[in-house]
Amino acid sequence: VAPLDRELARAAAVKVGVAPLLVKMLELPSGKGGQKFPPDEHAAKHLLLALSALTHLLRSRNYREYVLKLGVLPRLLALIVHGADVLEKQPELLTGALQATAAVCSIHRSVQTALQRLKGPYVVACLLRQLEVADGRFLPAMQAFNASLSSTLPYADVVATTSLYRGADSIDTLRAAVTESADVLVRANAVEALGKMCGAHVGMCQLLKDAGAVEAFVRTLDPRAPVRELRGITTSFMAMTRRAEVMRTEVRMHGGIPRLLTLVEQPVDPLVTERAVWTLNNMASKNYFNQEAILEQGGVSVLLGALEGATQKGLIKACLAAIYHMAEHPRAQDAVRTEGGLRVMLTHARTEGASAGSPLAEVAVVALRELLTNNDRNRDALIDLGGHDILQQVDQAELPGMMMVEAAGGDMGRAAEVATAQSGSNSDS
Numbered sequence: 001v002a003p004l005d006r007e008l009a010r011a012a013a014v015k016v017g018v019a020p021l022l023v024k025m026l027e028l029p030s031g032k033g034g035q036k037f038p039p040d041e042h043a044a045k046h047l048l049l050a051l052s053a054l055t056h057l058l059r060s061r062n063y064r065e066y067v068l069k070l071g072v073l074p075r076l077l078a079l080i081v082h083g084a085d086v087l088e089k090q091p092e093l094l095t096g097a098l099q100a101t102a103a104v105c106s107i108h109r110s111v112q113t114a115l116q117r118l119k120g121p122y123v124v125a126c127l128l129r130q131l132e133v134a135d136g137r138f139l140p141a142m143q144a145f146n147a148s149l150s151s152t153l154p155y156a157d158v159v160a161t162t163s164l165y166r167g168a169d170s171i172d173t174l175r176a177a178v179t180e181s182a183d184v185l186v187r188a189n190a191v192e193a194l195g196k197m198c199g200a201h202v203g204m205c206q207l208l209k210d211a212g213a214v215e216a217f218v219r220t221l222d223p224r225a226p227v228r229e230l231r232g233i234t235t236s237f238m239a240m241t242r243r244a245e246v247m248r249t250e251v252r253m254h255g256g257i258p259r260l261l262t263l264v265e266q267p268v269d270p271l272v273t274e275r276a277v278w279t280l281n282n283m284a285s286k287n288y289f290n291q292e293a294i295l296e297q298g299g300v301s302v303l304l305g306a307l308e309g310a311t312q313k314g315l316i317k318a319c320l321a322a323i324y325h326m327a328e329h330p331r332a333q334d335a336v337r338t339e340g341g342l343r344v345m346l347t348h349a350r351t352e353g354a355s356a357g358s359p360l361a362e363v364a365v366v367a368l369r370e371l372l373t374n375n376d377r378n379r380d381a382l383i384d385l386g387g388h389d390i391l392q393q394v395d396q397a398e399l400p401g402m403m404m405v406e407a408a409g410g411d412m413g414r415a416a417e418v419a420t421a422q423s424g425s426n427s428d429s
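Numbering follows the numbering used here, with no gaps: position 280 of the sequence shown is 280.
If you're looking for bench data, these hints aren't it; they were derived computationally from the structure. The reader is advised that the hints may include incorrect statements.
As the list claims (entries may be wrong) - Straight-line distance between alpha carbons at most 27 Å, and here's what the computed DSS-like set of lysine-lysine pairs gives:
| no. | residue 1 | residue 2 |
| --- | --- | --- |
| 1 | K15 | K45 |
| 2 | K45 | K24 |
| 3 | K45 | K89 |
| 4 | K286 | K313 |
| 5 | K24 | K89 |
| 6 | K24 | K69 |
| 7 | K45 | K69 |
| 8 | K24 | K119 |
Claimed, not checked - What follows is a set of in silico ranges between Cβ atoms, one per label pair, in the way DEER data are often shown:
| no. | residue 1 | residue 2 | range |
| --- | --- | --- | --- |
| 9 | V16 | V227 | 34 to 44 Å |
| 10 | L8 | E292 | 54 to 64 Å |
| 11 | D135 | V202 | 23 to 33 Å |
| 12 | K286 | D135 | 39 to 49 Å |
| 13 | L70 | D222 | 39 to 49 Å |
Model, not experiment: these values are computed from the prediction. Quick reminder that beta carbons are idealized off the backbone N, C-alpha and C, glycines included.
Whenever a hint applies, use it, and build me the whole structure from the sequences.
Have a look at this one:
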């Protein structure tokens, strides 16, 4: 087991045929009629070692497809299904099966899809309902559940999984995992899983609202939280506010806007800042009351400050998109001018314009177009700044099709999974 935490050892183990042996060892003992029963102490020890070795092996993406073809998923699910029954006296085996499941699925779309066809998320979600948050098995169960979900979760499977949470007791379990657990990994995996589910199914967003859970999730937007947790939280809010208009209103009503602005104004991590700005962008999209709230909280100044100091393309694009949507509000147009924002916008339009046709060049020019719409003072101010050369581009600008899709934040397809990967979760490859 021990050497398999190193890549060279993994490669050597696979080369000599260790993987098929490990997968074969995952079978529970069977009686007549195929009924499974708990392994004795000797067999349990071997099973636990096989799970541990397999988990180490699967920390590398290189071998997940191979192990998938060996039939590992049905065996792992069998161990989980029997976990609350035949393995009750041997909880470490259930923990091992959950850890191996999380390892094989992590950031690997084809394995996630295969597990979803076997109703894996549903199986693990059923187990979560049976466990208390303080139970030692709750963390590996939550990790397995999160890892098994992809951002393109099939609709039918989302509905099946989501249906488990219909009812206050189930929502309260998730809420407790996010807001009450002392374990940062429990909280982080819970919010990442919710983000994936809400990103794939608008009904989940409505379910959170109906259960009164939004306020609890808004409170997690705290700059003092660990970075890994904040990455998952902001990714989830980005997905929620993109998919469901009701969430944009709910987040505002429960005080989410000042919290998001704090994360932008007091940056703790580049990804957290970018996700927070994309969430504000989604909130401002065609929503007058949200635009008013962002204005009242000094949001225009915060966004311009973030844009002026931004060096990464993702954050620059997020800020430009948010300013574009804020510019739908006449007072926001004026605020950008009085805060010196036209100079910043002009600088970005010219800098990015050096790469003709680049996405950022288009976004910068389109944002300027919105700022000048029905606003002669902004147009005159831009000319005073020497913006004659950019005016023709502004007047002819069209909203880039790739800029925003329903106020989307960047490439939403894998946002939650990328945030997990970049925060150093279950995969090291």
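Tell me if the straight-line CA distance from K24 to K119 falls inside 27 Å. The given pair, whose Cα atoms are some 22 Å apart, holds under the 27 Å limit.
CA of K45 to CA of K24, is that 27 Å or under? Answer holds: K45 to K24 is near 15 Å, not above 27 Å.
Does K24 pair with K89 here, judged by a C-alpha cut-off of 27 Å? 23 Å, holds
Proposed proximity, K45 with K15 (alpha carbon, max 27 Å): OK: K15 and K45 at ~25 Å, within 27 Å.
Next pair to validate is K45 with K69; report whether the Cα-Cα distance is within 27 Å. 25 Å, holds
Given the range 39 to 49 Å, decide if the beta-carbon distance of K286 to D135 lies inside it. 44 Å, holds
Range hint 54 to 64 Å: satisfied by the CB atoms of L8 and E292? Given about 59 Å between the Cβ atoms, the range holds.
Within 27 Å, alpha carbon to alpha carbon, are K45 and K89? Holds. K45 to K89 sits at ~13 Å (cutoff 27 Å).
Can the suggested window of 34 to 44 Å be confirmed for the beta-carbon pair V16 and V227? Since the Cβ atoms of V16 and V227 sit about 40 Å apart, the hinted range of 34 to 44 Å holds.
Is 23 to 33 Å right for how far apart the beta carbons of D135 and V202 are? 31 Å, holds
Can the suggested window of 39 to 49 Å be confirmed for the beta-carbon pair L70 and D222? 43 Å, holds
Keeping to a limit of 27 Å between CA atoms, is the pair of K24 and K69 held or broken? 12 Å, holds
Comparing the model with each numbered hint stated earlier shows that all of them hold.
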